[in-house]
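Assemble chain Y onto chain Z, guided by the hints.
Protein chains: 2
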Amino acid sequence: MRILGVDPGLRRTGFGVIESDGHRLRYVASGTIVVPAEDDLSGRLKVILDNLRQIVRDTSPEFAAIEKVFVNANPLSTLLLGQARGAALCALADSGLMVHEYTALQIKKSVVGTGRAAKTQVQAMVQHLLALDGSPAADAADALACAICHAHVAPLADRLRDNGDHPAFARRGTRLRGGRLV
Amino acid sequence: MRILGVDPGLRRTGFGVIESDGHRLRYVASGTIVVPAEDDLSGRLKVILDNLRQIVRDTSPEFAAIEKVFVNANPLSTLLLGQARGAALCALADSGLMVHEYTALQIKKSVVGTGRAAKTQVQAMVQHLLALDGSPAADAADALACAICHAHVAPLADRLRDNGDHPAFARRGTRLRGGRLV
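If you read the protein sequences in the order shown, they are chains Z and Y. If you count by numbering that gives the first Met the number 0, then the first sequence holds residues 0 to 181, one letter each, in order. If you count by numbering that gives the first Met the number 0, then the second sequence holds residues 0 to 181, one letter each, in order.
So here's chain Z without its partners, still in its complex pose (with noise of 0.2 Å):
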């Protein structure tokens, strides 16, 4: 399966394309959507629309994952990013893509093992895991892991359905919370 993770902001917006056969990940592609600081509001959300859109066309992923975010302590900056992130979803949903979301914690469990590792050691995982010559750039190295997070649930949450041990999760669609179903 092919899928594409992105990690959304006004400013940046990371986006990583992979492939996993259910045993080992491929790298498709990956980049940061730079949005012109310059233009409105409107402007710069339709930056994020059109370029996520134009990247699913080019890449043509099967799936979408994208963080859970949690609110800011900066009221305005959560503002912002909502409005960012909304612009991503609807770019997402518009292109036919179902729309998946993982918590920060989920995606660093998928990656490194543990809920508690550094930026720097998801960073380095992705690098790791993709077999990367370099890193990638922060926001993409984000939008990678998201995506490694969904190859690495998303069959656990089909067996999990398969067994219909969890009619509440089937209904809800795969989402884990910290190993426990939400």
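Hints are computed from structural coordinates only; laboratory data are not their basis. There's no promise every hint is true.
A short, non-exhaustive set of chain Y residues, derived as facing chain Z with CB atoms under 8 Å [claimed, not checked]:
id	residue
1	Val68
2	Leu75
3	Gly81
4	Gln82
5	Ala92
6	Asp93
Backbone N, C-alpha and C fix where the C-beta goes; we use that ideal spot for every residue, glycine too.
Same frame as chain Z, but now just chain Y:
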């Protein structure tokens, strides 16, 4: 000129379309997009995106206006509103409309004549100015008030720009705050 006002929200997004010939206002359409609560977040944002784009296609506005929001006391509400607002702005920009933002104070001043007006006063004035038989629903009334604000403020902004008195203002677009240029 034909103006679409939008009052975004993740549960209900109001919209209102009016026409202005510079002197008189005419009601065209208004309503509320009710977003299904059971959908996942990206699905709900897509409902806002799709419906607003359809409304633009159906009513062919030349301008769009939206209330400038301030951060909410509840950070989670701020995040949710931010995402809904991001979807609404994407829909407008994706439809080729330039979006004008007005503060609640500007809207109240423009519609009622005072920034201290109560919500019910704004709704009554919307009904009066547009010669409506009944009172529109709250979200639709807020959206219509925002469109009326643009009808009142935009010609003034154009005059200021034509006079060349305020080059900084001309550069930044049609924003007024409390009668002063920002």
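Structure-based check of each hint:
Because the closest C-beta pair between Val68 of chain Y and chain Z is about 7 Å apart, less than 8 Å, the hint holds. Residue-level restraint check for Leu75 of chain Y holds (minimum Cβ-Cβ distance to chain Z is 6 Å; threshold 8 Å). Interface hint status for Gly81 of chain Y: upheld, as the beta-carbon distance to the closest one in chain Z is roughly 2 Å, under 8 Å. A hinted interface residue such as Gln82 of chain Y counts as satisfied when its beta carbon comes closer than 8 Å to some beta carbon of chain Z; here the least separation is about 4 Å, so the hint holds.
A hinted interface residue such as Ala92 of chain Y counts as satisfied when its beta carbon comes closer than 8 Å to some beta carbon of chain Z; here the least separation is about 4 Å, so the hint holds. With its C-beta approaching chain Z no nearer than about 6 Å, Asp93 of chain Y sits inside the 8 Å limit, and its interface hint holds.
The earlier numbered hints are all upheld by this structure, with none contradicted.
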